[in-house]
Amino acid sequence: MLRGLCEEISHLEHTHAFGFVTAIVGSLVEVSGLQRVVSVGSVCRLKNRSGETFPCEVVGFKGDQTLVMGYDSIEGLGPGCKVTYEGHHNVIYPHDTWLGRTLDGFGKPLDDLGRVPSGPKAYDLNASPPAAHKRRLIEKRIDLGVRAMNTFTTCCSGQRMGIFAGSGVGKSILLSMLARFSKADVIVIGLIGERGREVREFIDKHLGAEGMARSVVVVATSDEPALMRRRAAYTTLSTAEYFRDQGKEVLCLMDSVTRFAMALREIGLSIGEPPTTKGYTPNVFVELPRLLERAGPGSDQIQENYQGNITGLFTVLVEGGDDNEPVSDTTRGILDGHIMLDRKIAERGRFPAINILRSVSRTMPDCNNDEESAVIQQARDYLSTYDDMEELIRLGAYRRGSNPNVDKAIQYYDKLDPFLAQSKEHQITFEEGFEDLSTILGMTGNGEAEMSDENYQATGS
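Going by the numbering used here, the sequence shown opens with residue 1111, and the numbers climb by one from there.
For the record, the hints were derived by calculation from the structure and aren't laboratory data.
Worth double-checking, as some hints may not be accurate.
With a Cα cut of at most 27 Å, we get these calculated DSS-like pairs of lysine-lysine [said to hold, decoys possible]: (1) Lys1157 <-> Lys1172; (2) Lys1454 <-> Lys1525; (3) Lys1315 <-> Lys1454; (4) Lys1218 <-> Lys1157; (5) Lys1454 <-> Lys1534; (6) Lys1315 <-> Lys1293; (7) Lys1250 <-> Lys1534; (8) Lys1192 <-> Lys1172.
Ranges between beta-carbon positions, derived for each pair [as the list claims (entries may be wrong)]: (9) Ala1127 <-> Pro1227: 26 to 34 Å; (10) Glu1308 <-> Ala1241: 36 to 44 Å; (11) Pro1475 <-> Asp1174: 53 to 61 Å; (12) Pro1475 <-> Glu1545: 13 to 21 Å; (13) Glu1162 <-> Pro1385: 28 to 36 Å; (14) Gly1151 <-> Glu1535: 40 to 48 Å; (15) Ile1444 <-> Pro1384: 20 to 28 Å; (16) Glu1541 <-> Thr1387: 39 to 47 Å.
Beta carbons: idealized from backbone N, C-alpha and C, even for Gly.
All chains should be modelled from the sequences, with the hints used to inform the complete structure.
What follows is the structure in structure tokens.
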């Protein structure tokens, strides 16, 4: 007990500078008396008129006034309230016992499982991405346990991919499948700006005890201040970096990058940044790459300890079906691939509702051998041909037998579409998925698909 208390207070600052609130505009609080002590990112503590205290962060300066925003509601705060400086750095102290826990952006428990110990090393929430020339090359693939992704958008360890989706297309279920089925050592999940009801549902119903056992879940719900939503995103990456430094293969899942960007926009507008495209402030497009680049392969130049990799899968909300809105467009340009979830596919009941033809993994085909690449390309060709002719086929305007390639695409589509479906309780390895796909296509040793006369005639030629 005493040792635990010592850990809790060992990180406290010895300085006791303080100032006073002079003005409040919206969620922005102006403070005098601290401008020579604090810097942007410093953590302070506000004390309201009821004597309650809560943390806040310095977000800027205006003349001799310090601009701070609270991590909690500023209700009860007014001019003259005391603001105490607590430290220069935004850091957390991750620990192995965080596995299986649900935490807030400060690393404090949100579950009922007791306190969480602090680790011996501080991890900066605003850490810079590793130097590009020191990172290992992306080589080995990671088995995600989802057949459609393993085969058509093969992901490598240390790769960063986006899952682009609107609401109600099965995004949360897909994330839970990745958390439970992937071959990673540790899963770090950031639920940023989610509805409160969905958090409990995701953890208890979708993730379950199996997925939770090797996961750390960091939560900031939609009703929490923008500063807390932003901090939770940084805490997610810092926690992933801790386990990476232990030599673990880490899968980092964040839902969603869009709500992180919205939090940055809210903060930026509050401190006077000019709005640009769709109201997003310039700092949003500075912080997005800084956050996303922190995932990736570990360094190959650390001699004393092997660094693992952080494979990142970040969801992006597609507003109104616009794939080219600012956050989507910027994120797609930063990441190493994208998975597109399609509402039309979800509406006809095929889950995961991945649109294969619009999804890309930029590590392919290098992460697959020649035989695997040939099988995947052949399947893509059939799906693409069918997609081009789908309207004519459904209207009955296409006459079977007029184009052998289209006839083959029709035959194989009826098998490939069910292949892309997968129960949320059913794990499928890469080897199983590739074997199933090869069987469907009847691929020969030279990488060409065979089609018997009997099968060809069955298409209605």
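- Query: lysine 1192 and lysine 1172: Cα distance at most 27 Å?
  - Reply: Judged against 27 Å, a Cα distance of about 19 Å means the pair holds.
- Verify the proposed pairing of lysine 1315 with lysine 1293, using a straight-line Cα cut of 27 Å. holds, 21 Å
- Item | Whether the CB-CB distance between glutamate 1541 and threonine 1387 falls inside 39 to 47 Å | holds, 45 Å
- Query: Is it true that glutamate 1162 and proline 1385 lie within 28 to 36 Å of each other by Cβ?
  - Reply: holds, 34 Å
- Message: Just to be careful, I want the Cα atoms of lysine 1157 and lysine 1172 compared with a cutoff of 27 Å; is the pair within it?
- Response: holds, 22 Å
- Falls inside 40 to 48 Å, the C-beta gap from glycine 1151 to glutamate 1535? With Cβ atoms ~44 Å apart, the hint holds.
- Within 27 Å, alpha carbon to alpha carbon, are lysine 1454 and lysine 1534? Distance ~19 Å between lysine 1454 and lysine 1534 Cα, so the pair holds.
- Query: Taking the beta carbons of glutamate 1308 and alanine 1241, is their distance inside 36 to 44 Å?
  - Reply: The hinted range 36 to 44 Å holds for glutamate 1308 and alanine 1241, with Cβ atoms some 37 Å apart.
- Message: Can you tell me whether the CB distance of alanine 1127 to proline 1227 sits inside 26 to 34 Å?
- Response: holds, 29 Å
- Query: Are lysine 1454 and lysine 1525 close enough, with their CA atoms no more than 27 Å apart?
  - Reply: Holds, at roughly 19 Å.
- Query: Within 13 to 21 Å or not, the Cβ separation of proline 1475 and glutamate 1545?
  - Reply: With a Cβ separation near 18 Å, proline 1475 and glutamate 1545 satisfy 13 to 21 Å, so the hint holds.
- Message: I want to verify a distance hint. Is the separation of the beta carbons of proline 1475 and aspartate 1174 within 53 to 61 Å?
- Response: Given a distance of about 60 Å, which is inside 53 to 61 Å, the answer is holds.
Hint compliance for this structure: every hint is met.
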